[in-house]
Structure formats: structure tokens, C-alpha cells
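Participant: Residues per chain, in single letters:
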Amino acid sequence: MTDTFRRFEIEQDHEAYPACFFDVPEPPPVLYGIGNPDLLNPGLGVIGARKATPYGRRCARMFAGWAASHGQTVVSGAAIGCDQEAHLAALEAQGATVAVLGCGADVDYPRRAGALLRDVRRRGVVVSECPWGTPPQPWLFRKRNRLIAALSRVLLVVEASLPSGTFVTAEYALDAGREVCAVPGSILAPECRGSNRLIRQGATPVTDVSELALTLQADFQLCNPDYADSSRDELARALIANPMRPDDAARECELDIVETVRRISELELEGVIRKYPDGRYGSC
Amino acid sequence: MHATVETATLLGIDAVPVEVQVDVSSGIPAFTIVGLGDAAVLEARERVRSAIRRCGFDFPGARVVVNLAPAPLRKHGTGFDLPIAAAILVATGQLQRNLLESAVLVGELSLDGSVRSVPGMLAQARSAQARRLRLIGPSGILRYRAALSDLDAQPIDTLRDLLQRCAETPCPRIDAPAPRKCFPDLADIVGQSSAKRALEIAATGGHHVLFTGPPGTGKSMLAHAMCGILPALDTDEAIATALVHSVAGADETAALAGVRPFRAPHHSATIAGLLGGGSPPRPGEVCLAHNGVLFLDELPEFAPSALQSLRQPLEEGSVTLVRADARIAFPARFTLIAAANPCPCGYLGDSQRRCTCAESTISRYRARVGGPLMDRMDISVDVPRIDPSFLLRTHSSETSSVVASRVLEARQRAISRNASLDESIGTLPRGRLRQHIALSRLSATASEALASCARVGHLSGRAVVRLVSVARTIADLESSADVLRPHILEALGYRTWDTDAAA
Numbered sequence: 022m023t024d025t026f027r028r029f030e031i032e033q034d035h036e037a038y039p040a041c042f043f044d045v046p047e048p049p050p051v052l053y054g055i056g057n058p059d060l061l062n063p064g065l066g067v068i069g070a071r072k073a074t075p076y077g078r079r080c081a082r083m084f085a086g087w088a089a090s091h092g093q094t095v096v097s098g099a100a101i102g103c104d105q106e107a108h109l110a111a112l113e114a115q116g117a118t119v120a121v122l123g124c125g126a127d128v129d130y131p132r133r134a135g136a137l138l139r140d141v142r143r144r145g146v147v148v149s150e151c152p153w154g155t156p157p158q159p160w161l162f163r164k165r166n167r168l169i170a171a172l173s174r175v176l177l178v179v180e181a182s183l184p185s186g187t188f189v190t191a192e193y194a195l196d197a198g199r200e201v202c203a204v205p206g207s208i209l210a211p212e213c214r215g216s217n218r219l220i221r222q223g224a225t226p227v228t229d230v231s232e233l234a235l236t237l238q239a240d241f242q243l244c245n246p247d248y249a250d251s252s253r254d255e256l257a258r259a260l261i262a263n264p265m266r267p268d269d270a271a272r273e274c275e276l277d278i279v280e281t282v283r284r285i286s287e288l289e290l291e292g293v294i295r296k297y298p299d300g301r302y303g304s305c
Numbered sequence: 381m382h383a384t385v386e387t388a389t390l391l392g393i394d395a396v397p398v399e400v401q402v403d404v405s406s407g408i409p410a411f412t413i414v415g416l417g418d419a420a421v422l423e424a425r426e427r428v429r430s431a432i433r434r435c436g437f438d439f440p441g442a443r444v445v446v447n448l449a450p451a452p453l454r455k456h457g458t459g460f461d462l463p464i465a466a467a468i469l470v471a472t473g474q475l476q477r478n479l480l481e482s483a484v485l486v487g488e489l490s491l492d493g494s495v496r497s498v499p500g501m502l503a504q505a506r507s508a509q510a511r512r513l514r515l516i517g518p519s520g521i522l523r524y525r526a527a528l529s530d531l532d533a534q535p536i537d538t539l540r541d542l543l544q545r546c547a548e549t550p551c552p553r554i555d556a557p558a559p560r561k562c563f564p565d566l567a568d569i570v571g572q573s574s575a576k577r578a579l580e581i582a583a584t585g586g587h588h589v590l591f592t593g594p595p596g597t598g599k600s601m602l603a604h605a606m607c608g609i610l611p612a613l614d615t616d617e618a619i620a621t622a623l624v625h626s627v628a629g630a631d632e633t634a635a636l637a638g639v640r641p642f643r644a645p646h647h648s649a650t651i652a653g654l655l656g657g658g659s660p661p662r663p664g665e666v667c668l669a670h671n672g673v674l675f676l677d678e679l680p681e682f683a684p685s686a687l688q689s690l691r692q693p694l695e696e697g698s699v700t701l702v703r704a705d706a707r708i709a710f711p712a713r714f715t716l717i718a719a720a721n722p723c724p725c726g727y728l729g730d731s732q733r734r735c736t737c738a739e740s741t742i743s744r745y746r747a748r749v750g751g752p753l754m755d756r757m758d759i760s761v762d763v764p765r766i767d768p769s770f771l772l773r774t775h776s777s778e779t780s781s782v783v784a785s786r787v788l789e790a791r792q793r794a795i796s797r798n799a800s801l802d803e804s805i806g807t808l809p810r811g812r813l814r815q816h817i818a819l820s821r822l823s824a825t826a827s828e829a830l831a832s833c834a835r836v837g838h839l840s841g842r843a844v845v846r847l848v849s850v851a852r853t854i855a856d857l858e859s860s861a862d863v864l865r866p867h868i869l870e871a872l873g874y875r876t877w878d879t880d881a882a883a
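If you're matching them up, the sequences are chains E and B in order.
The numbering used here numbers the first residue of the first sequence as 22 and each following residue consecutively.
The numbering used here numbers the first residue of the second sequence as 381 and each following residue consecutively.
FYI, nobody ran anything at the bench for these hints, they're computed from the structure.
Computed from a prediction, not measured in an experiment: that's the story for all the values here.
Quick reminder that beta carbons are idealized off the backbone N, C-alpha and C, glycines included.
Check each hint, because a few of them may be wrong.
Distance windows between CB atoms, simulated [stated by the list, open to error]:
1. E:CYS305 / B:GLY596: 31 to 37 Å
2. B:VAL570 / E:GLU280: 53 to 59 Å
3. B:ARG821 / E:CYS305: 56 to 62 Å
4. E:PRO226 / B:LEU772: 45 to 51 Å
5. E:TYR297 / B:ALA834: 18 to 24 Å
6. B:ALA834 / E:GLN115: 18 to 24 Å
So here's chain B without its partners, still in its complex pose (with noise of 0.2 Å):
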């Protein structure tokens, strides 16, 4: 007595193809899973047998194999327990055989039978859908049929459902709206203009920008504020973000539903939970940021070594985790803003308060940060601390929703400016400086303001290219085809700190 039924193992942010094969035979009653299964895979022993029993099923008083094929594949997590118990159930038959052909089941099992989500859901939606395979797992599935239109997805509450309702065609659920998270509003923080002019630039361009101000000027408030002005994820966005998340075991809701991911790991984090690690790996912090926002606040306190770490992603969009079995690629394409004392007692520079720093303290305190993140970072303003007397008084400024307009509008520009060449926002190519600088359409005005900023800065090869596209954003935001002296000028002002120390 033999059966075989299709499930999935996760591999990074992708589900690959594992096939439950089962034998019933005679023999001394046992229970075996062999194929490189981890402790979890094991203990699936214990769940399916209480499972099929307080089901009503019978469990085989028999020796029975289970092998997960393709055996050297390392397998791990709770998600076999279901196709494991229904091919047992159709080995025995107790279970009609074509119910689970072409079907891929996932899920975990509870002793009394009913069937959990587990971490990738997601992603075993996604594969079942390519494979054209009709997925079987836990109620939660049915909300990925907004995003995978023509996902054919048959939820189950308990092993019991395997019986009726696989031979049913599945009704849609009317999804739960997806929670509206809160953000600032650009309105309610105070001055800062400069700063929220970066947060426009860095929202339409997908620059990384550094906010430097002592301490209570609301660095990190206009760093959560940058999520009410980024357009919504659109589709493919939305379902590579929350791929990360579903592998994640991160609720993937809201960024199914549009909504930019916002991580502010604690400075405590370590290359691991930035990156991502373990066994299985696992995405880090930057990867859950895919398509929106990573906010690192105080960066000078995090471990130098964990922000050197971040210079991959940076520079290449993805975290590859290499492993003695595998190289695992997860996304990260995320807009990096940090925040920073200017030194440690935070004061330099304050109208106020006297900076109590020594001169060596605060150049070691920045050169914690290191030259080569420093290098990466496009825009770089101060947010100093405003006086009380202007704080009180009312003022008018933008509302998000009016800056988001603009926003989406530049971003659409520069879409359709780059779609001859299949670049999205922030991906100018980096490092080919002719290239770059000819790709951004520079006026003969702004090719000579760059000249001058150049010799006057000693700008490095990369400064400049980094210049040219904040200063092609600004361009974008401003509708003009060209880039000119003033969006030049205005970049130019926009430099980080190192820059300054070299002039």
C-alpha cells in the first residue's frame, strides 16, 4: 500500500517541490520519516498519529515509511505534518486517491486534527500557483487570492475537512481590511523644512539619507513620517515584500495590502538580525525593509561591524547568505534613512546648549560610522533643535498626503524616463560614471556647476554620481527633462559629513 502526495520545503524565499511518498507494509507496528527531515520533521510522528486518530481515522497498526523526496534536500519545519497524515489516509484507504491528485498540501496539525499556518505560506501559494497545483493548507491561504489572481487555494480547518470539502470548489472569503498603521503627519512636526524637503527627494529618488540634530529635535519622527509620503507597493511589490515577511513568519497583511514595510531594528542588532542567519536562514531586518524603509537610529551605536555588513545590500538590492549546502538570495531593496548625534554629548552645534566634547572624541564617535557606509548615504541634513517661542505658535505646513502627490507624480516621470532601460527608481547604475551622468540629461550649465563643485569639494568619483542622482530627482520633482544648475547646487547641499571633513 503506497501513496504519494506533493508538498513544498522553504529555500530562502522559495518553495521547492518535495514529494511525500508513503508505505504501508506488514511488519513489527512502526512509525519512520527518513529524507533529511530536522527535529520538527520528526516530531511529526507524535502530531499525525494523535491527529488522525481524534479525527475518527485509523492510524495503521503497520510498519510505515515515509520518505520526502528528493531525499539529500534538507527539510525542515511543521509544514509536512499535513501532507504526511493525508497520504497516510490515502495509503490505508481511508482517503479516495484522485481527491489529492494534482494538489500540493501544507500545513501543521494539532493533536486533536485541526490544521495551523505555518511561516511561507506565502511562498507555497506562489509556487503551487506556477506549478498550477491546487494548494491545500490551513484558512489562512484564501487572502493571497487578491494578490495570486488565478491561485486555486482549498482551505481545511481540521484533517476531517480533507474528506468533504476537497471535492468541493472553494467560495471567496471576504478578506478583513488590512490595518491602517499611523504615521506623522508631515503637518504636525514643526520647522525642520530642510528635512522634510530630504524626505520628498529621498521618497521620489529612493535615496538613503542621514538626519544629524541632538537629541528630542524628532529624527525619528520624521524618519516614520517618510512612510505617509512613499506611494503605495504596487503589486508585484507588494507580493515580493511580503514574501520576505511570510518566510519570515512576520504577518505579511499589511504589506499585501499596499502598505511599505517600516523596520527600526534597536542598535543593539547584530550582523545576523540585520542580514539574516540561522539554520534555516532566515531574513534580517534589511530584508523585511524590501520596497520600503530601514531606520537606524543613533547609527553611531550600532557595532561598527554590523554596519559594514550593510554595504552589500546597499550596493547590490540583496542579502546572499551562504551556507555550506546553499546560497540563499533574499531581497532587499530598501531606502535607508539613519539618524545620528553630532557627537556624543549631542550638543555640537546647538544654539543653546555647549557641546562638552573634545575634539578627538567626535571624530572618533563618526568614524564609527566608517568612510564607506558615510559614502553611501546621498543625503545628509541637519535637524537642530527648534526654539520653544517658535514652537508654540501655530503654523501651516504641507500636509503628507499633499508632498505624497508630488511624490508620485516625480516617481511616474522618472519611470517612464528609465523604461526604455528597465531601471527602476534608485537603481541608476552606479559605478559607470559616464554612463550615469549621460542618463540623467545634464545641461551644459549643470555639467559646468558640477565641474565646480567638484574642484571646489574634491568630490571622489562616487560623490559626484551620487550628487548627479539626487540632483536628477530633485529635476523629476521640479517635472524638467534636463537637470540644471540649481538642481545641481541644491544637491550640493545635501552633502554628508566626510565630504566636508576632506574639503
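Extracted from the complex, chain E is given alone in its bound form (with noise of 0.2 Å):
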């Protein structure tokens, strides 16, 4: 089935071969891959434990959602869990996403999986470093976790325990030089010690959506978040600034009231802002 889509091999000596892999010990000598291999240039990981929580869920699906909507490569490993939802946000965003296996590419592992993998291949990319038709096996994915290291320019974790496989990939990112980003949970919680742990040793923790388009926009320079979209139109930098009715707004801004109206639906339908159960229009 998997031979619909496009398979290909790329040796290491080859100029297609993605730079990135030299930051990490032991680049793969072949790299087998299902789908678009311009994608593997390093993107966004979002990576995350499998016994993941509602909110680790959560927060790969809006980061990994919100960063695909906005252009960029979302990276991670297919896995149960958090893995999972990064990379669904991503596909229903029509972003860009690419699933680093620990099995042969044309695999379907986690085989609960099997869909999202497909629609990865067709739209995106499924790459691995172990020849076609390697069944799964648990070393091979702590190897695996270096190559998502590798394939992220900044690295986002949303959830992680102690010990874990997200841990560890996270340890192959600084090592590598990458941008470590995590979500702060609950210091009560187990699923969180890995996360908060990385927060103390130095990474950037992430809070909003807007906090990773700052850290994206640093690494990056093309992820715009969204109110520098707006930024030329006074009326959604005064209501992100500060949500206000359609009067004050029309006051502040020393608008025409009816034409305060329609700029503020129309930022609502662009998604800038929206309406607060008070009455009042301020940032989404």
C-alpha cells in the first residue's frame, strides 16, 4: 500500500543528504524516507510523553497547531500520546509535518497509528534510519530520538516524566545546540517533573502561543505571531492592548462608531480578536 506513495533513499554522501544530521553523534549512513524529502530541513519539534495527560494533549495540539498554520515544519515521532497530536494539529492546520520512526518508514507503528501515517506520508514526510521493513524495537527508538533532535531548530516540549524518551531527546537537542523550549505543568505532577526539570536547567519556558512565536520569530525570523500581522491597524493594536466595547474603541481610535462596527467584525472573522462575555473585543 505504501507504494503509492513516494519512497526514497538518500546516502550520506549525497548533496540532498539534510546537514542537520552531522550536529548529532552517529549520523545515519542512509536515510529511508516515505513522502517529500525537502521537508527535512529542521522545523518545530513538539514532543511529549505517551502516557500523556489532557494537558499535555492539549498544549502539543495548540502549539504544534498554531506553529503549523503559520508555515512551519512541525517535527515528531508518531508516538502514542502527545506525538500524536502534534501531528494531527499540524495535518489539519494543512501545515507541514515529518514523523521520525524507529522501524522501517513503510511501517505502520504504533499500529493504532496506521492512518496518521499515511495521511504523514502523502502530505508530509515519514522518515527513518533503519532499512525497509525493520520491525519496531525498543533500542531503535531511543536511537530515533536523536534524529527528532536533529530535525528540530527549536525543540518544544510539552510533557515529559523522569526518566523518559522525551527527556532523553531533549539532552540530544542541547547537545546539539538546539533551542529548548518546555511547557511548565504542575510540580505535583510525575508527568511533569521532566518538563519542569528542563525549565530549571535553562529552557525557555512557553505559556502561549505568543511566547513561541517570539522564541520562533528569534530562531526563525519568518514566524510572525499575530498581532505584528496587525500591527498596522491601530484599532487591533488598542483592543489587543486593551479589550474595550465598540465605543470606547470608536473613541480611542477617533473613529466613525458605524465604521468601528465593521473593522471590529472583521477582525473577528480574521480571528485577531473576539467577543468577551462582558461585552467586550479583545485579543483571541
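Using the hints, put the two standalone chains together into the complex.
Facilitator: Okay, here's the thing in C-alpha cells:
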């Protein structure tokens, strides 16, 4: 079935071999992949525990979806939990996504992720260092983690316990000189101990989309946060800075009320602002 | 000795013809009234007897039987006094029979014989005009001649006047000018520009408005100002509105002069008070607001059952009261203006005071109004507290008369656009989505905007219709033949809070 998708093999001395793999120990001699090889450039890695809490899943979905909708490639490991949420969110946002597997790139593992992997092969790329048909082995997944680190310019850890493969990936990323971000979690939850320790060790804490945007902007210089897009619009800036009712906004910006109401609706449709339950309009 | 005289009894807003038949025969002296009259009709015996004697006539010392035909129809009220007295006078030969031919008599008699007005005189006048009969009644009936052009009305002050005046042709009397009601002017309201805009749109398209804001921010004042920007009633509307007022026993002078009614029932109002009821059925507040404004202050404080009862008049423009012996319809096409606090304490979203309500209290408070009624509010705007420093500075704002002229022009455009459809303001077909959208002439960009609104805001079918009709009105205000994207966007800005919760 996978034959319907584009398979490729890239050797280390080939010019198409992504340079980022030389940043990690033992760069794979041959890369086996299915999908679009052009996507094998450093993007945003979103990883988290397999035994994810709803909190971790939700964060993975939110950040990956946002990044994908703003043109970032989302890299993850297709594992149950946070990884799959990240891939799904990227696909839903019509964005690009890369799955790095610890088995053959043509093997559907985890088995229940078959449909997801097929989508990723068709619209993104699934890549592995293992030859075609290699069955999943635990040590292979540990090794594969260094490849996720290699393919991430920024690595976002949404949830990690201790010890865990996620934490290992983060250490690979730090060694490879990647920017590591982590979503803070409850200090009482064992599922968040790894991600919280990363923050203590110096990872950038990310608490909302705009902080991720700032980090990405610093590292990629291409991903603008929402309000930077609309910064030309005085009304949008005023409302994001301080939620207001149309009357007050009209007065602040010295606009006609009719014009204000219309532009607020326009901004609302664009998803820049939204109406709060108390009647004011402000940032989403 | 027998005589018949024409009169009528009220059934809803109509006057149904009734024939008063009197038979005076020899026997033990008695005075009987038959024909399903209520207590007030039966008490006519005492008033008629006194009035006849006081005016210098003789009351027959014989057996007097009065029949009100058709007998199965229930009759009520005191308007039968005058026709009964007149019929007795004719039957006893004290009044010429031909004087009362082709005439309808309605009026209550005092014990001294003077003729008093009864509720529903306008309905009686209209019925007399339709039947091409002369109306003889209390002196107030002359003022209907301005509205009902070819009404033949003969006012009398006392029973005795029947002898002289019925032979005369009536002289027109100059009406006292209708009392000008004082409304707050829009220019006197500081700030609240979006609420004023909402009023302008509502006045043009007959849309229902909800004002939400903390106490003392001018919600009631804004609602009252609505009367100042609505155009005067045209003749047909004036008669329709005055009819309801007349039947309810209220003063119909203002309505006849073209002043739109403004009804503001207190929030303790019952279903019967709002819609009408009783026996005989009398119109309620929504009917009295026909062609005008119904203002419900403190909307969530109304009994939920009373609010739900508003759905039928909002949808159909009339109230139908069903009783064992009759179905009575009163017209009730009104513009609903409702005012509510955003939460029980009133300060949710206020810039200075903190709201002390729990989340659950707020949702319970809002749920009192109920989704179906909320769904029928076309325009919802916030009326926030104004910064005191801003309040004291002087501002120039448009006066009501400027806005009123814009409203009038836009209404005329809407009427001429809908002329071929025989649809008046605010009665574009609801519920028929496709037809409605086709009639509104949406431009391509507007349809696109509408589609994205529906997607982003999760709008229901009814919400889309509402959005389109408000946008159509905005387009009329800008004399645009088609509904354009900005019109849809503005209409979207006036959604109700329920839609927000769903979004």
C-alpha cells in the first residue's frame, strides 16, 4: 500500500542529505523515507510523553497547530499521546509535518497510528534510519530520538516525566545546540517532572502562543505572531492592548462608530480578536 | 307596541351589529332584558328608567321586554343604555320612528339622562361607517371624523337631544390638538454612539433591540428616545392603533394624531397583562404597543412564562385569545426594546466596579430570558457606563430630528423596494431562508462574508436570517440597492449574547 507514495533513500555523501544530521552523534549512513524529502529541514519539534495527560495533549495540539498554520514544519515521533496530537494538529492546519520512526519508514507503528502515518506520508514525510521493513525495537526508538533532535531547530517539550525518552531527546537537542523550550506543568504531577526540570536547567518556558511565536521569530526570523501581522491596524493594536467596547474603541482611535463596528467584525472574522462574555472585544 | 334600534357590541376590536327590540305590552308592570347580557347590561334597567324620567319623558307603566338580538351572542358593557332608552321612547310613541332609521346608537346613560362615552367608541364608529349608518352617541365621536373621512356622526349630550338634534345635520367641531408627548432627544444623551446607531437601525427596519448595561447608564432614556426618531403613524396605522386603545378604554387621541405608542409595562406584569385576557377579552400591553414600541426594562426580572408568551406576537404580529365561545385576535406588531443588566449585580465588564457575581449566577440570570426569546432579538448592544469626566464635557451630537429624517427616507426606500411584494416594514418572510436572502439582494462579497460569519460564529438558520435582515436595513440607510460586505459585517457586530456563548 505504501508503494503508492514516493519512497526515497538518501546516502550520507549525497548532496540532498540534510546537513542537520551531522549535528548529532552517529549520523545515519542512509535515510529511508516516504513522502516529500524537501521537508527534511530543521523545523519545530513537538514532543511529549506517551502516557500524556489531557493537559499535555492539549498543549501539543495548540502549539503544533499554531506553528503549522504559520508555516512551520512540525517534527515529532508519531508515538501515542503528545506526538500524535502534534501531527494531527499540523495536518488539520494544512501544514507540513515530519514523523521520525524507530522502525522501517514503511512500517505502521504504533499500529493504531496507521491512518495518521498514511496521511503524513501523503502530505508530509515519514523518515527512518532503519532499512525498509525493520520491525520496531525498543533500542531503535532511543536512537531515533537523536534524529528528532537533529530535525528540530526549536524543540518544544510539552510534557515529560523522569526518566523518559522525551527527556533523552531534549538532552540530544541541547548537545546539538538546539533551542529547547518546555511547557511548564504542575509541580505535583509526576508527568511534568521532566519538563519542569528542563526549565530549571535553562529551557525557555512557553506559556502561550505568543511566547512560542517570539522564540520562533528569534530563531527563524520568518514566523510572525498574529499581532505583528495586524500591527498596521491601530484598532486591532488598541483592542489587543486593552479590551474595549466598540464605543470606547471608536473614541480612542477617533473613528466613526459605524466604521468601528464594521472593522471589529472584520478583525473578528480574521481571528485576530474576539468578543468576551462581558461585551468587550480583545485578543483571542 | 314594538320598536327596534340598531346598536353593536364589541368582540375583540370589532363591533358586531346587535338589534335592540322592545315590546311594550299590557300586563303587570315589569322591565326585563333578555339576550345574554352581562351584569352591566342588566343594570341598564335602573339607569334607563331614571334617565327617561329625568329628561321629561314617561316611562311606561306596562310590561316592557327588551331583547338583544342575535340572542346567542354574549353582550357586555354599558353601551346598550342609550339604544334601549331610545327604543322604549319609540315604542311608546314619544319619539318619531323615522328619526332613528338608518342610525346606530351607542352610549351609557347617567341617571340624569346625560350620555357618556364607553370603551370601543372608535370600533363602533368604524362599524357604523362600514355599514353606512349614522352613529348617534356621546359628544366624543366627532373627533373620529378626521380619521374616518365619510363618517356620519351625530353627538348628543342628553337623552333629550334625541328629539331635536337628530333632525339636524351635524356641525363639524374643531378638535383640540393632540397632546405632544415629550421624548428625550438623542442629542441629550452623552456618548453611547453604538446604542444610538442601533436605535436608528431598529427604527428603520422594525428590529427588536436588547440593551445591556449596568444600572443608571441610560438604557431607559435611549428606549424612550426611540419615539422621537420613528416617523408618525400613517392614517391606516393610526386607526389600527387607536382601535386597540379605544377597545381597552384608553385614550386614543394621541394615536389618532399619529403619535406612536410607547408601552413600558412593569416587570411584575402577568401573561394576561402582557397579551390580554379577562372576560370580555381585553387587549394587553403588546397589543397597545401595536405599530409602536414595547419597552421591557429589567428583562430577566419578568416572569419566564410571561416572556415566553411573547413569542407568538413577535412571530405573527398578533395575539389570539382563545375562549370557549370565541377566538379573538388583536393586532400586535411592535418593536421590542428590552433592557437588561449584564449580571445580577449589574457590573459585569464595568471599567470601575468589580462584578461580584459567580459565573453560575450569571448564566442562571441570562437563562431566565430563555434562548427562544433571545433568538428573536435582532440587535444587541452594550450600554456601558460613561466616564464622568466625559459626561461633563460638552459634546455635539446629532439631534433626533436629523436621525428621524434619515429613518423616514430609508423606510420609504424599503417600502418601495418591497412594494411589489406587499410586505411592510419588519415583515420580510422569516423562516424561508432562501427566499429571504434572495429578496435582500446580497452582493457576492456579502454572501462570502455571510458564509464566513456563519462558519466563525456557528450561526443558526434563524440567526442568519436575522443577520441578513439587519444588514438589509443598514443597506437601506445608506441607500444601497444591494447588501454589501460592510453591511453584513456591521450587522454581525450586533449579535446577541447567546450567539457568543455558542461561539
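Participant: Hint by hint, note whether the structure agrees.
Facilitator: Here is what the structure says about each hint:
For the hinted restraint 31 to 37 Å between CYS305 (chain E) and GLY596 (chain B), the CB-CB distance of approximately 32 Å keeps it satisfied. Range check, VAL570 (chain B) to GLU280 (chain E): about 20 Å between beta-carbon atoms, so the 53 to 59 Å window is missed. A hinted range of 56 to 62 Å is violated for the C-beta pair ARG821 (chain B) and CYS305 (chain E), which are about 33 Å apart. Range check, PRO226 (chain E) to LEU772 (chain B): about 47 Å between beta-carbon atoms, so the 45 to 51 Å window is met.
The hinted window of 18 to 24 Å between TYR297 (chain E) and ALA834 (chain B) holds, with their beta carbons roughly 21 Å apart. Checked against the hint of 18 to 24 Å, the C-beta distance between ALA834 (chain B) and GLN115 (chain E) comes to roughly 21 Å, which is consistent with it.
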